[in-house]
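Enquirer: Residue-level listing of the chains:
Number of protein chains: 2
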Amino acid sequence: MIDPTFLDTPLYRCEALEPDLGCSVSIKLETANPVRSFKARGTELVASLLVDNGARAAVCASAGNLGQALAWSGRRRGLDVTVVASRFAPATKLHRIRALDARLELVDGDFDLARERAAAVARHDGIRLVEDSLDIETCEGAATIGLELVDAAPSFDTVLIALGGGAMATGVGHVMKALAPDVEVICVQPLGAPAMTRSWHQRRVVTTESTNTIADGVAGRRPIPAVLDDLLVVADDAVLVQEASIINGIRMLLDHAGLVVEPSAALGIAAILENRDRFAGRHVVTIVCGSNVDLDAYHRWIGAAPTGRP
Amino acid sequence: MIDPTFLDTPLYRCEALEPDLGCSVSIKLETANPVRSFKARGTELVASLLVDNGARAAVCASAGNLGQALAWSGRRRGLDVTVVASRFAPATKLHRIRALDARLELVDGDFDLARERAAAVARHDGIRLVEDSLDIETCEGAATIGLELVDAAPSFDTVLIALGGGAMATGVGHVMKALAPDVEVICVQPLGAPAMTRSWHQRRVVTTESTNTIADGVAGRRPIPAVLDDLLVVADDAVLVQEASIINGIRMLLDHAGLVVEPSAALGIAAILENRDRFAGRHVVTIVCGSNVDLDAYHRWIGAAPTGRP
Chain F
1 MIDPTFLDTP LYRCEALEPD LGCSVSIKLE TANPVRSFKA RGTELVASLL VDNGARAAVC
61 ASAGNLGQAL AWSGRRRGLD VTVVASRFAP ATKLHRIRAL DARLELVDGD FDLARERAAA
121 VARHDGIRLV EDSLDIETCE GAATIGLELV DAAPSFDTVL IALGGGAMAT GVGHVMKALA
181 PDVEVICVQP LGAPAMTRSW HQRRVVTTES TNTIADGVAG RRPIPAVLDD LLVVADDAVL
241 VQEASIINGI RMLLDHAGLV VEPSAALGIA AILENRDRFA GRHVVTIVCG SNVDLDAYHR
301 WIGAAPTGRP
Chain B
1 MIDPTFLDTP LYRCEALEPD LGCSVSIKLE TANPVRSFKA RGTELVASLL VDNGARAAVC
61 ASAGNLGQAL AWSGRRRGLD VTVVASRFAP ATKLHRIRAL DARLELVDGD FDLARERAAA
121 VARHDGIRLV EDSLDIETCE GAATIGLELV DAAPSFDTVL IALGGGAMAT GVGHVMKALA
181 PDVEVICVQP LGAPAMTRSW HQRRVVTTES TNTIADGVAG RRPIPAVLDD LLVVADDAVL
241 VQEASIINGI RMLLDHAGLV VEPSAALGIA AILENRDRFA GRHVVTIVCG SNVDLDAYHR
301 WIGAAPTGRP
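Protein sequences appear in the order of chains F and B.
Just so it is clear: in the first sequence, position 64 is 64 by the UniProt record's numbering, and no numbers are missing.
Just so it is clear: in the second sequence, position 127 is 127 by the UniProt record's numbering, and no numbers are missing.
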């Protein structure tokens, strides 16, 4: 059901990153596709099933990437898509959602407020609410990344996964635990948006009042209980990283790998930078999950200073 | 014989580029691999055959990418690789060649001088001289890009190929003419390094005294006669583009596609920018063939001015 343009993405060693990181690093690249993130793996499943069941419309809340992906998947299937997003989301993500013919509604608040508004739209219009990380298709879509990692006959011992709502972490994590149980599954979240990580460590939902991170794609305040339940089963650890490390990760991926990434996609490198001893000598896969950046911000991040240490 | 990490590379529509270009644009991305260019498709063949025949060493001249690729392919097969390059080649290319355990010899001149020196090394050491574009394996390796384009059930009508020595143009061009003859094969070269393009138009080898372009990967002065013969059979056209257009192409690929490219990889976009009427309404594939850039130069190119017109 998933368009092949989103599957079998590049997986390769990036030796140029390794001297600065002290471990072997492979990249799973999810940005070389029409929506520049992994999210379409899930929305392709969602939209296929919706259309098969006769649906004509759907609505989702999005930090920007899910909305873009659902708009892409919906457009090619004749499904009317409404995306509710924060007006503070990166302008390029909002622009692309509109360019893909979705109806875009902005809320004057953050992603969790957009979730509330999307639910209200779904009730009012009587259409399907697509809930990222809660709807199993969004996790199953992300899980195909895990299948591809396992198919590659992994020589790696660790996979680093950006943690937001939890679709990618639970999807990929589930596959690793089932098919490659020796691989350590480590989720990475910004210190400025730590709700799910804190929840994982305390084994109960912990919410925060606000978020404060450049990693807009993973900035949630209210973990979904069912997703936390799954994450408790499949994640071996969840770590928090500083903003400076995320920026260093963005810069290192440009300087040494020639990759443009959005902040969420640099969380894995940030985690290595902050835990050199833990990863020393290991072979780590980091999933580069998106590249939708506002250019002004991106130029600030890459221009601020030479690559340093956190 | 080719390591799968270099095969089945991403091919996808990039709608965000299209409003500025006036045509449909798909990208064939050859940068998401361990050597960040398409060259390893060929060196994998070269090195496999050499090792099968009992060779222990090889030497090549390189503008930087072939040397990196041959070093990678040789290292994993226990083949001693010597690369001769211009000392004016991008520092990052030279650094990566050394990092991949090749012996690097620098000449105080350009690529064509490096070719002469590599031939002398081969004679002196009695080892195989790998000649990019002349050795059929280098063209066959590049031709696998064409096979993947054809396998994708192409909806495109034009393929734009960076033209340097001619390995990619003849390899991909041959496949297109054989298997998708309706697709127009257009080679693109910088005005500052026009020897092969002029040769193609005049149907005889034309050399130049010097080159003057940022597109270091395609900057040759002396076309190889046998390669020109092949190019005359498989190319539908060869066009020259200005430096300003190459820089605009680099910038557009960053701004709208989130891709870091070296100048040679922006030649296709440059060609569209300079020939809008010709490509209007068409569906063009451009092969993004490499991303090995010196960061200082790259920052100059992307920072110079907002995306404009040539």
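Please note that the accuracy of each hint is not assured.
[Claimed, not checked] Take a look, some chain B residues computed to stay more than 10 Å from chain F by CB distance:
no.: 1; residue: ARG13
no.: 2; residue: ALA16
no.: 3; residue: PRO34
no.: 4; residue: ARG36
no.: 5; residue: ARG96
no.: 6; residue: GLN202
no.: 7; residue: ASP255
no.: 8; residue: VAL260
no.: 9; residue: VAL293
no.: 10; residue: GLY303
[Stated by the list, open to error] Covered by chain F, according to a simulated footprint, are these stretches of chain B (three or more residues, beta-carbon under 8 Å):
no.: 11; region: 3-10
no.: 12; region: 225-235
Derived by calculation from the structure, the hints in this document are not laboratory data.
Cβ coordinates follow ideal geometry from the N, Cα and C atoms, glycine included.
Enquirer: All hints, please: hold or fail.
Expert: Okay, the hints, checked on the actual structure:
no., hint, in the structure
1, ARG13, "violated (5 Å)"
2, ALA16, "violated (7 Å)"
3, PRO34, "violated (5 Å)"
4, ARG36, "violated (6 Å)"
5, ARG96, "violated (7 Å)"
6, GLN202, "holds (37 Å)"
7, ASP255, "violated (6 Å)"
8, VAL260, "violated (4 Å)"
9, VAL293, "violated (7 Å)"
10, GLY303, "violated (8 Å)"
11, 3-10, "holds (count 4)"
12, 225-235, "violated (count 0)"
The earlier numbered hints that this structure contradicts are 1, 2, 3, 4, 5, 7, 8, 9, 10, 12.
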